[in-house]
Amino acid sequence: MKQEAGLIENIAENDLLSSEMKEALWKTYALIDHPSYGLEHFFKTIDVAFSKAQQEKEIIKTFKQVEQCLQILFSLSKEKQNIKPAYLAAEGVLLKAWGLLHQRSLCDNTVVLEEYKLFWSVFLKIAVELYRKISPLCRGRETFSRFDVQDEFEYPLRVFDTMGLFGALGITLASFENHKYLPHLYA
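Here our numbering = 1-based position in the sequence shown + 194.
Hints may be right or wrong, so weigh each one.
[Stated by the list, open to error] Here are the simulated lysine-lysine pairs, DSSO-like style, with alpha carbons at most 27 Å apart:
no., residue 1, residue 2
1, Lys272, Lys319
2, Lys258, Lys319
3, Lys272, Lys258
Read the hints as simulated data drawn from the structure, not as lab findings.
Go ahead and model the full structure; you've got the sequences and the hints to work with.
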């Protein structure tokens, strides 16, 4: 509980984040435990922030703010022992940021790409943490039968979701294997 209070204080006192981003983090934090919550507040805020960023300096500042949001969301998710929302948020931010880079023709801008790499770093840190959490549950014979599902239709979806997560993580880690800015993730 003490750590949770520190995280909440971190949101309130963070000068880098806009008031809209702080509000989205509060709402996301309040709803992160609900299985049906799809991070609507978080993604709406990210969309607005990305649409406002027009110039290179604004985009870099926005990327720094969003990276801070992801770090805080990851900490909150770890505190609530539910890392999957942070994983989905990081994945969504990667895709939205890449779309912004293409839209603004900044894919060759090394300064902006360095900021974009921070999203990858956060995403991989979250993905590795999620993998460490769920991989012990998936070892052995008939391990997927341990899933607590409500009906016969949910079971194949959960299995597919978990296998997709492992596959995406494996492909991502393999593609970044030789990059110098990510070695701390393999420790």
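Tell me, in ascending order, the numbers of any earlier hints that this structure violates.
-> none
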